[in-house]
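Here is what each chain is made of, one letter per residue.
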Amino acid sequence: MVGKNSVDFPGQTGQEPYEYRQRHPNDYEAQVSQGSINAHAAENLGSTDKGVAYLRRKLRRAIRAIQAGERLPESERAGEEFLTHTQDTVLPIPIHPSDDEQLLKDVTDAVMEIVFEGDTLGGDERASFIESKLRTLKNDTRFTAHCGDT
Amino acid sequence: MSNDLPQSAYLKETRSYKNNIQVAFGGYHKAKRPIEDNELTHVGPGTPCGEYFRRFWIPVALGSELSDVPLRIRILGEDLVVFRNKQGTLGLLHLHCSHRNASLEFGVIEEQGLRCCYHGWLYDVDGTILETPAQDSKLSEKICHGAYPVVEYLGLIFAYMGPPDEQPDFPKWDTTMLPDVEMVPYSIHYPCNWLQICENTMDPWHTVFLHARVTDIHFGDTWGIAPVTQFYEKPHKIYATLTYRIEDKIWVRSQETISPSFSQVGAWWETGREEKYFKRASITKWTIPHDNENCMIIAWRSFGPGVDPEGQGD
Ligand code: FES
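Chains as they are written, first to last, in the working numbering: chain Y, 42 to 191; chain D, 23 to 336.
The set of hints was computed from the structure by calculation and includes no laboratory data. Owing to the predicted nature of the structure, the values given are computational and were not obtained by experimental measurement. One or more hints might be untrue.
[What the hints assert, rightly or not] Short derived list, chain D residues pointing at chain Y, Cβ under 10 angstroms:
| no. | residue |
| --- | --- |
| 1 | ILE43 |
| 2 | VAL45 |
| 3 | PHE47 |
| 4 | GLY48 |
| 5 | ARG55 |
| 6 | GLU58 |
| 7 | TYR74 |
| 8 | SER209 |
| 9 | HIS240 |
| 10 | PRO257 |
| 11 | TRP290 |
| 12 | LYS301 |
[What the hints assert, rightly or not] Derived DSS-like pairs: lysine-lysine, alpha-carbon spacing no greater than 27 angstroms straight-line:
| no. | chain 1 | residue 1 | chain 2 | residue 2 |
| --- | --- | --- | --- | --- |
| 13 | D | LYS34 | Y | LYS45 |
| 14 | Y | LYS179 | D | LYS40 |
| 15 | Y | LYS174 | D | LYS194 |
| 16 | D | LYS34 | Y | LYS146 |
| 17 | Y | LYS146 | D | LYS256 |
| 18 | D | LYS34 | D | LYS52 |
| 19 | D | LYS301 | Y | LYS179 |
| 20 | D | LYS194 | Y | LYS99 |
| 21 | D | LYS271 | Y | LYS179 |
| 22 | Y | LYS146 | D | LYS298 |
| 23 | D | LYS52 | D | LYS108 |
| 24 | D | LYS52 | Y | LYS179 |
| 25 | Y | LYS146 | D | LYS52 |
| 26 | Y | LYS99 | Y | LYS174 |
| 27 | Y | LYS174 | D | LYS301 |
| 28 | D | LYS301 | Y | LYS146 |
| 29 | D | LYS54 | D | LYS40 |
| 30 | Y | LYS99 | D | LYS34 |
| 31 | Y | LYS91 | D | LYS108 |
| 32 | D | LYS259 | Y | LYS174 |
| 33 | Y | LYS91 | D | LYS52 |
| 34 | D | LYS194 | D | LYS301 |
| 35 | D | LYS298 | D | LYS256 |
| 36 | D | LYS194 | D | LYS256 |
| 37 | D | LYS40 | Y | LYS174 |
| 38 | Y | LYS99 | D | LYS40 |
| 39 | D | LYS256 | Y | LYS99 |
| 40 | D | LYS271 | Y | LYS174 |
Every residue gets a Cβ at the ideal spot worked out from N, C-alpha and C, and that includes glycine.
This is chain Y alone, in the form it adopts within the complex (with noise of 0.2 angstroms):
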């Protein structure tokens, strides 16, 4: 069921017995745990809070230059359509054995500059062309030369 307060998948709505959220906490029990107002001055972040912090600045920043009296720019079109960026790509590359870590960041860095690439088209032609470009990557050289000749 989705619709007014239900969605498909679990830990969403804090809408079952308490003892069972106590054993079984999901995004609801954690999230809204924080506070009625997460009071960020008693937090401690660390290396794995980047997103949060660069989420927290650039808020800052946007509230600030609104204040300022500045306007919003447009955002980035192909035509009728609003650019979006979220995805999931899965590639055949074999795990690199001295340093996988930044084999991964690399590839990373690879699968995002193609889909940004994509933005001047629109539709099924941006689809294709970040497709067909994402498809190349499990033979470029640069992400398989650990591999020997395959």
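Given chain Y, put chain D with the ligand in place with the hints provided.
Leaving out everything else, chain D with the ligand in the frame of chain Y:
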């Protein structure tokens, strides 16, 4: 509890809270919870963050919530009433009648507008006063009731609550126009401030712990693998990436937060085991404040072969 202190008070209190004596069994030194950051969390009329929200089209209700009586809602600390007149046009008006403040949630929906129950004033969807029965003065020509423009799109009702001369074009998000995808609207109420709900998309490590390692596996079993996380930026947009090594595959998941509180996330059933390219969001959502201490996620869940060819999320 919500406070009205200036930003300087928050900064001062933050400093003193951080400087508290850090000692084991030292709860005494931290017994008082510090105040919140008003600049980022308060959303009422005239507040900095409230002004920011009032520059965008934001969803305020599900189309399916409307009926033959008005719907009372609270958005950005304003009490409002939303209704569809008998011609099918949507209206979003301030809750309290411009005559003597009776609530328009008890009004009667008519052909062209909404009639207050108390003395029968009739409002058009744009706030124009159409009738002030039995009044001998021309009050109605001097006043316009508070109203906001509304658009209904794919079952969500969007409003623009900002300065009229800064109203942007209504955006049509790419993911709402994908082939073979059905967007199903939903909303969820949260009894807390909007920001902590919105931040979740930019907290990639919670998926590892909350959703896989600490208690149960809520979604895919691969979510407990430590990802490599990175962030990318454009004006008014932040992208978080979570990249997982899953045997001989690399799964690159990107998710975004766009001003003011729009975000999208990938499929909750994804495990990253099968080769795939540019599979789009399964959730397109906003976190919309009702007031400082209440908010909702109001969203579309995407169904259909366009996002879910194997029907794993059905
Ligand atoms: S209070 Fe609404 S018509 Fe008098």
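Evaluation of the provided hints:
| no. | hint | in the structure |
| --- | --- | --- |
| 1 | ILE43 | 15 angstroms, violated |
| 2 | VAL45 | 16 angstroms, violated |
| 3 | PHE47 | 18 angstroms, violated |
| 4 | GLY48 | 14 angstroms, violated |
| 5 | ARG55 | 5 angstroms, holds |
| 6 | GLU58 | 4 angstroms, holds |
| 7 | TYR74 | 5 angstroms, holds |
| 8 | SER209 | 6 angstroms, holds |
| 9 | HIS240 | 6 angstroms, holds |
| 10 | PRO257 | 6 angstroms, holds |
| 11 | TRP290 | 5 angstroms, holds |
| 12 | LYS301 | 4 angstroms, holds |
| 13 | D:LYS34 to Y:LYS45 | 41 angstroms, violated |
| 14 | Y:LYS179 to D:LYS40 | 48 angstroms, violated |
| 15 | Y:LYS174 to D:LYS194 | 25 angstroms, holds |
| 16 | D:LYS34 to Y:LYS146 | 39 angstroms, violated |
| 17 | Y:LYS146 to D:LYS256 | 19 angstroms, holds |
| 18 | D:LYS34 to D:LYS52 | 15 angstroms, holds |
| 19 | D:LYS301 to Y:LYS179 | 17 angstroms, holds |
| 20 | D:LYS194 to Y:LYS99 | 24 angstroms, holds |
| 21 | D:LYS271 to Y:LYS179 | 10 angstroms, holds |
| 22 | Y:LYS146 to D:LYS298 | 18 angstroms, holds |
| 23 | D:LYS52 to D:LYS108 | 58 angstroms, violated |
| 24 | D:LYS52 to Y:LYS179 | 53 angstroms, violated |
| 25 | Y:LYS146 to D:LYS52 | 40 angstroms, violated |
| 26 | Y:LYS99 to Y:LYS174 | 31 angstroms, violated |
| 27 | Y:LYS174 to D:LYS301 | 14 angstroms, holds |
| 28 | D:LYS301 to Y:LYS146 | 20 angstroms, holds |
| 29 | D:LYS54 to D:LYS40 | 12 angstroms, holds |
| 30 | Y:LYS99 to D:LYS34 | 22 angstroms, holds |
| 31 | Y:LYS91 to D:LYS108 | 50 angstroms, violated |
| 32 | D:LYS259 to Y:LYS174 | 23 angstroms, holds |
| 33 | Y:LYS91 to D:LYS52 | 25 angstroms, holds |
| 34 | D:LYS194 to D:LYS301 | 19 angstroms, holds |
| 35 | D:LYS298 to D:LYS256 | 26 angstroms, holds |
| 36 | D:LYS194 to D:LYS256 | 19 angstroms, holds |
| 37 | D:LYS40 to Y:LYS174 | 49 angstroms, violated |
| 38 | Y:LYS99 to D:LYS40 | 23 angstroms, holds |
| 39 | D:LYS256 to Y:LYS99 | 10 angstroms, holds |
| 40 | D:LYS271 to Y:LYS174 | 18 angstroms, holds |
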